[in-house]
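Colleague: Could you put the whole structure together from the sequences, leaning on the hints where they help?
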Amino acid sequence: MNEEKTQTPAHDGPLLEVKDLHVSFFTPAGEVKAVGGISYTLNYGEVMGIVGESGSGKSQEAYSIMGLLQSPGKVTGGSITFEGEDVLAKDKKEMAQFRGSKAAMIFQNPMTSLNPVYTVGNQLVEALRAHDKSIGREEAAKRAMTMLELVGINNVEKRMKQYPHEFSGGMRQRVMIAMGLICSPKLLIADEPTTALDVTIQAQILELMKKLQKKTHMGIIFITHNLGVVAEICDKVSVMYAGKIVEQGLVDDIFYQPSHPYTLGLLRSMPRVDAEEHERLIPIEGTPVDMLNPPEGCPFAPRCESCMKICLQKMPPYVEIGEGHQAACWLRVQERLKKTEGKGESERG
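Everything in the sequence shown is counted per the working numbering, starting at 197 for the first residue and increasing by one.
Everything labelled a hint here was simulated from the structure, so no lab data went into it.
Mixed in with the good hints there might be a few duds.
PhoX-like mimics (lysine-lysine), calculated; alpha carbons at most 25 Å apart, straight line [unchecked claim]:
{"hint": "1", "residue 1": "K411", "residue 2": "K338"}
{"hint": "2", "residue 1": "K270", "residue 2": "K288"}
{"hint": "3", "residue 1": "K357", "residue 2": "K338"}
{"hint": "4", "residue 1": "K298", "residue 2": "K406"}
{"hint": "5", "residue 1": "K215", "residue 2": "K407"}
{"hint": "6", "residue 1": "K270", "residue 2": "K215"}
{"hint": "7", "residue 1": "K534", "residue 2": "K505"}
{"hint": "8", "residue 1": "K338", "residue 2": "K407"}
{"hint": "9", "residue 1": "K357", "residue 2": "K406"}
{"hint": "10", "residue 1": "K411", "residue 2": "K298"}
{"hint": "11", "residue 1": "K229", "residue 2": "K270"}
{"hint": "12", "residue 1": "K288", "residue 2": "K338"}
{"hint": "13", "residue 1": "K410", "residue 2": "K338"}
Modeller: Below you can see the structure in the form of C-alpha cells.
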C-alpha cells in the first residue's frame, strides 16, 4: 500500500544536509540570532535527535527546513539541501508541494494543529488531496482510514466523523502522526510530539513512531528536551545550546562519553533508575544566554564550571572525539594539544 511503502534513496548522497545555517529575528529591540551556524547530515532511514533547552533554536531550524519561519524570522546564511535540491531556493508554490509530499512535520500541541470545526476525516482527506490532485474523495477516505488503523486508532469509520475535541490528547497526537505520514514523506520532523502527553501514552507514541519508521524507512528529526526520549528512539544526537550545536554523535557516544560540559549538565540533571536513594540531581547553574547580546566566545561559558579565559573570548572549534562524534569545547582542544605534544616528545625520545 502507498502509505506503507519503503522509501528508496533518490540519489547517492544524504537525505538532508544542513550547512552553516543562520536564522535571525529582526525585532524592534535588535537582531535575535536564533540559530548561529549549525551543520549536520541526515541519511535515509536515520533518526536524529535535536536536544536542548527552550530557546536554544531547535524549532526555528526545523521551521527553516519546512519553509514555515514566521516573520520577522529570516534565514540569513547557510544552505539546506534535500536529496540534492536547494530548499531555500524554492518559491512558495514549490515549498507547498515539498511540504507533505516530501517532508512533513508533527507539532507539539495537536489541539492547536487540528482545526476544531472540521471532522478528523475531513482534515485527513483534505491533507492528502492537497498534495495528490489525482486522488478522488472516496479513495482518499479509504487511505485515511487505513492510516488511522496504522497509528493504532480503532473503529475508524466512526472516528472519521468525529471532531478533534472528541479525541483524547494521545489520540489527537496519533491523528497528527497519521496526517504527517499520509503522503508518505521521506523526512518527518517531530517537534516535541510527546511533551503534552502522560508517560504511558508517550511510550505508546514512541513505540508507534519506531514501528512506522522501520516500515517506511523515512528519515526522522526528533526535537526534544527529554534525553529519555532520545535514548528510546534516536540513532544519533545533536545537542544545541544558544543557537549552536555544541556536541554531535551517536546516541551511545552522547550518553556514555559526553564531551561538552553542557551535555554533561543535561545528563546529570536527569533522573536515573540506577541512582542511589540519597543521590541528588545536579541542576545547571545560571540562566540561558540573552540572544540579543550573545557572548563572543562559547555561549555556555558563563554557566560552565570549567570556564577558562579563552572560553569567554573565542568560540571553540569542533574537536573529533571519535568517529562521527565531535564537540565544540576548549577543554577538548587542550586535551588534543597535550596528546599531540606527548606524542611528539615520545617520538623524539
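Colleague: All hints, please: hold or fail.
Modeller: Quick rundown of the hints versus the structure:
1. A threshold of 25 Å between alpha carbons decides the hint, and for K411 with K338 the separation of about 20 Å falls inside it, so the pair holds.
2. With a CA separation close to 15 Å, the supplied pair K270 and K288 stays within the 25 Å bound.
3. A threshold of 25 Å between alpha carbons decides the hint, and for K357 with K338 the separation of about 13 Å falls inside it, so the pair holds.
4. Between the alpha carbons of K298 and K406 the distance comes to roughly 19 Å, so the proposed pair stays at or under 25 Å and holds.
5. With a C-alpha separation of about 30 Å, the suggested pairing of K215 with K407 is violated against the 25 Å cut-off.
6. At most 25 Å may separate the alpha-carbon atoms for a hinted pair to count; K270 and K215 meet this at roughly 16 Å.
7. At most 25 Å may separate the alpha-carbon atoms for a hinted pair to count; K534 and K505 meet this at roughly 18 Å.
8. Note on K338 and K407: the hinted pairing holds, with a Cα-Cα distance of about 22 Å set against a maximum of 25 Å.
9. Of the pairs offered as hints, the one joining K357 and K406 is violated, with about 28 Å between alpha carbons and a cut-off of 25 Å exceeded.
10. In summary, the hint linking K411 to K298 is supported, as the alpha carbons are separated by about 17 Å, within the 25 Å threshold.
11. Restraint check: the Cα-Cα separation between K229 and K270 comes to about 10 Å, which is no more than 25 Å; the hinted pair holds.
12. Distance hint between K288 and K338 is unfulfilled; the C-alpha atoms sit about 30 Å from each other, more than 25 Å.
13. Distance restraint check for K410 and K338: the Cα-Cα separation of roughly 23 Å lies within the 25 Å cut-off, and the hinted pair is therefore satisfied.
When each numbered hint is compared with the structure, violations occur for hints 5, 9 and 12.
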